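The hints should help you fit chain W onto chain L, whose structure is shown.
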Amino acid sequence: MTPENFVSINNLSKSYTEGKNQLKVLSHTSLQIQAGQFIALLGRSGSGKSTLLNLIAGIDTPTEGSIRIGTRNLTELSETDRTLFRREHIGFIFQSFNLIPTLTVRENLLLPLELNPQHKANKQESVNQLLTQLKLSNRIDSFPDRLSGGEQQRIAIARALIHQPLLVLADEPTGNLDDNTSTIVVDLLEKMVRQAGHTMIVATHSKSMASNADRVLSIHEGHLVEIT
Amino acid sequence: MKPILWKSSFRYFLHHPWQLCLSILGVALGVGIVVSIDLTNESAKRSFALSVESLTGRATHQITGISGDLPETVYTQLRVEEGMRNSAPLVEGTLSLPDYPGTSFRILGIDPFAERPFRGYLNSIQSNPRFLPNFVGNTRGILISSETAAFLKLKEKEFLKVNNGEQIVRLQVVGILELADSLQNRILNNVLIADIAAAQEILGKAGFLSQINLMLPQGPARQKMLKRIEEILPFGAKVQTTSDRISSADKLTRSFHLNLTALSLLTLIVGVFLIYNTMTFSVVQRHSILGRLRALGMLRSELFILLLSEAFLVGSIGTLLGLGMGILLAQGLISLITQTINDLYYTVSVNQIDIPLLSVLKAVLLGIVSSLGAALIPAREAACIEPGIVIRRSSREESYRHLLPWLSAVGMGLLGLTGFLLWISSHDLIIVYIAVFVMVLGFALLMPIITVLLVNLASPLMQFLFKSPGILAARGVKTELSRTSVAIAALMVAIATSVGVGIMVESFRHAVVHWLTSSLQADIYLTSTVLTSQRTPTFLAPDFIEKASGLPGVKYVGTLRQTNVRTGEESMRLTAFNLPLPEQQIFRFKSVREERIWEKFQNEDITLISEPLSYRLNLDVGDSVPIQTPLGPRLFLVLGIFYDYGREKGYASISQNNYEKYWQDDRIHSIALYLEPGTPKQALISALKKLPEHSKDLLIRSNEHLIEYSIQVFDRTFAITRILRLLVVGVAFIGVLSALMALELEKQRELGVLRVVGLTPLQLWGVVMGQCGLMGVVSGITAFPIGYLLSQILIHVINKRSFGWTFQTIIPPEIWWQGFFLGLIAALFAGIYPAYKMARIAPADALREE
Chain L
44 MTPENFVSIN NLSKSYTEGK NQLKVLSHTS LQIQAGQFIA LLGRSGSGKS TLLNLIAGID
104 TPTEGSIRIG TRNLTELSET DRTLFRREHI GFIFQSFNLI PTLTVRENLL LPLELNPQHK
164 ANKQESVNQL LTQLKLSNRI DSFPDRLSGG EQQRIAIARA LIHQPLLVLA DEPTGNLDDN
224 TSTIVVDLLE KMVRQAGHTM IVATHSKSMA SNADRVLSIH EGHLVEIT
Chain W
774 MKPILWKSSF RYFLHHPWQL CLSILGVALG VGIVVSIDLT NESAKRSFAL SVESLTGRAT
834 HQITGISGDL PETVYTQLRV EEGMRNSAPL VEGTLSLPDY PGTSFRILGI DPFAERPFRG
894 YLNSIQSNPR FLPNFVGNTR GILISSETAA FLKLKEKEFL KVNNGEQIVR LQVVGILELA
954 DSLQNRILNN VLIADIAAAQ EILGKAGFLS QINLMLPQGP ARQKMLKRIE EILPFGAKVQ
1014 TTSDRISSAD KLTRSFHLNL TALSLLTLIV GVFLIYNTMT FSVVQRHSIL GRLRALGMLR
1074 SELFILLLSE AFLVGSIGTL LGLGMGILLA QGLISLITQT INDLYYTVSV NQIDIPLLSV
1134 LKAVLLGIVS SLGAALIPAR EAACIEPGIV IRRSSREESY RHLLPWLSAV GMGLLGLTGF
1194 LLWISSHDLI IVYIAVFVMV LGFALLMPII TVLLVNLASP LMQFLFKSPG ILAARGVKTE
1254 LSRTSVAIAA LMVAIATSVG VGIMVESFRH AVVHWLTSSL QADIYLTSTV LTSQRTPTFL
1314 APDFIEKASG LPGVKYVGTL RQTNVRTGEE SMRLTAFNLP LPEQQIFRFK SVREERIWEK
1374 FQNEDITLIS EPLSYRLNLD VGDSVPIQTP LGPRLFLVLG IFYDYGREKG YASISQNNYE
1434 KYWQDDRIHS IALYLEPGTP KQALISALKK LPEHSKDLLI RSNEHLIEYS IQVFDRTFAI
1494 TRILRLLVVG VAFIGVLSAL MALELEKQRE LGVLRVVGLT PLQLWGVVMG QCGLMGVVSG
1554 ITAFPIGYLL SQILIHVINK RSFGWTFQTI IPPEIWWQGF FLGLIAALFA GIYPAYKMAR
1614 IAPADALREE
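In order, the protein sequence lines correspond to chains L and W. If you read the first sequence in the working numbering, its first letter stands for residue 44, the second for the next number, and so on. If you read the second sequence in the working numbering, its first letter stands for residue 774, the second for the next number, and so on.
Isolated chain L, as found in the complex:
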């Protein structure tokens, strides 16, 4: 693993086919991110922020170019290996929370640990600690549909962090929340990520969130542009 360039994106392109047309979302773009950095990704709707996050998470595959995380080149991995890499090293936070509705809060948090057999730590204790930190211990046995939006997103953050990933990806994590709740969630996310020393890329429209980032990037016409 090279701390200087923990995430290395080179000459990345992604196109979609819509009928007879080719829609180019990302075009020959490159980016280097150092370990522990907090990156904010700005851009208007449909600019390709989510696509870039999906590609970095290995959920989607690029049309061209490479993505290297640590020592692993994601674009050379098979679908199964990408999944195994993701389950171990990446935490993903979605705009619409995406908690599993058929599992309780406790079980949602346990899920990444259960999927990772190499996690030997006391799983229940990890869950309890995290929930205490999030001040949600009283909701431990609730199902997601009984929680408010803010609570659901806090649980989603906890789920993304519980297995100590190397990289946290958040796709508009405050998009479905009101201003006050957004502030609470953003503060919490930043605090927890910084404390743990995770690398984080956040796609957001929120200027206030971007203002706390180490670097702010924007996607414009398929290219990454460094703003600060």
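Source of the hints: derived by calculation from the structure; they are not laboratory data. Note that the coordinates shown come from a computational prediction; the quantities given were computed from them, not determined experimentally. Heads up, some of the hints might be wrong.
Said to hold, decoys possible - Listed next, the in silico DSS-like pairs over lysine-lysine satisfying Cα-Cα at most 30 Å (straight line): (1) L/LYS178 to W/LYS775; (2) W/LYS1373 to W/LYS1434; (3) W/LYS1363 to W/LYS1463; (4) W/LYS1454 to L/LYS63; (5) W/LYS1135 to W/LYS1320; (6) W/LYS934 to W/LYS1320; (7) W/LYS780 to L/LYS178; (8) L/LYS63 to L/LYS166; (9) L/LYS63 to L/LYS178; (10) W/LYS775 to L/LYS166; (11) W/LYS1320 to W/LYS1422; (12) W/LYS780 to L/LYS166; (13) L/LYS178 to L/LYS234; (14) W/LYS1462 to W/LYS1135; (15) W/LYS1422 to W/LYS1573.
Leaving out everything else, chain W in the frame of chain L:
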């Protein structure tokens, strides 16, 4: 598999219990029907094997007379002159019990001394000092098992009244056999054991035996003894192994059992559609959840296994329930099946359902494999879900529509394969049934494209009749094609089966009625006893025939003699008749060579054969049939093949003249009286009964009575088919209900939007019912041609190859609308609850995200 994932699946089904229940019910019904048919078939076969065992005991071989009776001198010769000590005579017959209407018992006449090595339980006769003196030589003494005694509520020394066809006889229980072995108890169920002389007297078989049991040593000695036995056997008698005897009965009913099994498997196919639908729905419904799991790092293979495990669980629970249902259903069906076997094949009495381990294993395998098979495609689909991306239903339907040409091509391919299988099937019924299943699957795969075409045609009418709700209903069927087409296919298969079997049964019935009315032209029929395959008819007294012919009003008399003969290695039924010339027209020939057939029939070695015999022995007009006669083999020329639905193994007919000439025997089994016009039948029947030579076992029946009786037997035979048809439609009904409930849940949000924009609950109800009605109509319309094709395979391939019968297709007018309305009503009924639920939905609830 992680327990947490199981928990997630379990809670999902807990939130949709009806979906789980309907799915389990679908598997359970499918498995239950297959199990019930399997168990009843097996129980009937087992009971027959037990009844053979009650006759044969530990015998390795039996000697039987070809017409049922064997002179007892054969036994004396074997035992005394040839020194075959391990041999035992047996006389067997059926008696009815006047005090237990509808119950018949078998009487076994044995020689307790010779019989002992053959049956262990007979040791108790000799070891019990009370039994032997009362039993041997007692012409009214019987032994019964303790279970039979309990059933008849009889104690030792008490009397039992039996009817031997001629008179009521009182038999005395001289001993009750206490059998510890439950199998032996079952063997002796409904059996009365008498001394051989007593049985001969009671059955009127003095001087004759039913069979001789032999226990032959292994190896070359056996071959030597068999050779010697064959040398001394009289004409027509044969020696065969015990297993051959059981397997020949098995062959006799094989087609009957196979037909029932095939029909039950069709129900399972409909059940498989149901599982497929449920599993697809559970995948689509959980698309977002499954996507999230993939985003969290769950592998495709893990997701695939999770879904298959769910199907395994549904299949297992359904199979277990199905086993229970099958056993219960078998209790109800057994009487129908044994009645048919008794009517058509041999006497069998089934008192309990056997549950062989093999049947249970077959059911388990069938239920679970079908469930897993049905879940394969949805599970694969689940495994291909992109992580984190919630695929919209519209895009899924879009990809399904792209699949349509391929599905249709595979469907057409399967229809081609059906033709090929039928072409190569020759005499193999199993291949024909595989062809039927392939055809059904082929049409099921064509259903999506057919649905689109028919709904396109119906849309303008729906719009005209029901305005916006009409067009919404029609579009609903088309836009949710991946779901609706499966339900339509399931319903179509069920209705097509019902239509196909219905056409076959009606055509067959029509042919039988036509055949009966044209062949039973005489006014009154007299026969010595009921001519079933088990009972040996006795002969009519010549004096009686003469006096009956001379009664006023009798125009002329036809005679009939029946026997079994050998042709090559095969055995066949031979009838010799003498019919007055005008009545010879009763023969409806399928194929005939000569115009002056009847003249030749009387004077030359000519035979007319029935269609099943022609099929079984591959005989055609112009062929010669070698028939063994007491005067040696004679070649009879086949001059005609006639339609006959009376005996599935078929028979050959020769003239009475020829029979008397070659068999040196002029005795007659039955006569037919043709009356002068205007002669009252009942008066003549009374006159016949008053003749001094008339005996009580003589059956006198008018042609109307015979026709009515035969049609009753026919209807009893197909009663089980009607029940199975209803059950198939029942399973399909659950299929449609399940699909509609699934749609209701999936479309909740869309329906909520419709309610928000102003659709009233009643209009919403109309949309759902319209959609159901359209699905039912599409099923009903397509089921008819497919059912018709199915009926053609049943009539022209399966019936012909099973029984050798051919008949014209008759489509009763009601079949047209029955199939159509069956589909429509089943679909509308299935829609009532979902429509009610959808109409009651609160728009705010429907619009909620999670």
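Outcome of the hint check:
Using a Cα cut-off of 30 Å, the hinted pair L/LYS178 and W/LYS775 holds, with the two alpha carbons roughly 28 Å apart. Proposed proximity of W/LYS1373 and W/LYS1434 is supported: the alpha carbons are some 15 Å apart, at most 30 Å. Among the hinted pairs, W/LYS1363 with W/LYS1463 is inconsistent with the structure: their alpha-carbon atoms are about 42 Å apart, more than 30 Å. The hinted pair formed by W/LYS1454 and L/LYS63 fails the criterion: a straight-line CA distance of about 88 Å is larger than 30 Å.
Under the criterion of a C-alpha separation no larger than 30 Å, the hint pairing W/LYS1135 with W/LYS1320 is inconsistent with the structure, at around 61 Å. Restraint check: the Cα-Cα separation between W/LYS934 and W/LYS1320 comes to about 33 Å, which exceeds 30 Å; the hinted pair is violated. The suggested pairing of W/LYS780 with L/LYS178 holds, with an alpha-carbon distance near 26 Å, which does not exceed 30 Å. For the hint pairing L/LYS63 with L/LYS166, the CA-to-CA distance comes to about 50 Å; that exceeds 30 Å, so the pair is violated.
In summary, the hint linking L/LYS63 to L/LYS178 is not supported, as the alpha carbons are separated by about 51 Å, beyond the 30 Å threshold. This hinted pair checks out: W/LYS775 and L/LYS166 have alpha carbons roughly 14 Å apart, not beyond 30 Å. Annotation: proposed proximity of W/LYS1320 to W/LYS1422 is violated, straight-line Cα distance about 35 Å (limit 30 Å). For a cut-off of 30 Å, the pair hint linking W/LYS780 to L/LYS166 stands: about 17 Å separates their Cα positions.
Between L/LYS178 and L/LYS234 the CA atoms are separated by roughly 14 Å; this keeps the pair inside 30 Å, and the hint holds. Only pairs whose Cα atoms come within 30 Å are accepted, and W/LYS1462 paired with W/LYS1135 is rejected, the gap being roughly 56 Å. Of the supplied pair hints, the one linking W/LYS1422 and W/LYS1573 holds, its CA atoms being roughly 12 Å apart against a limit of 30 Å.
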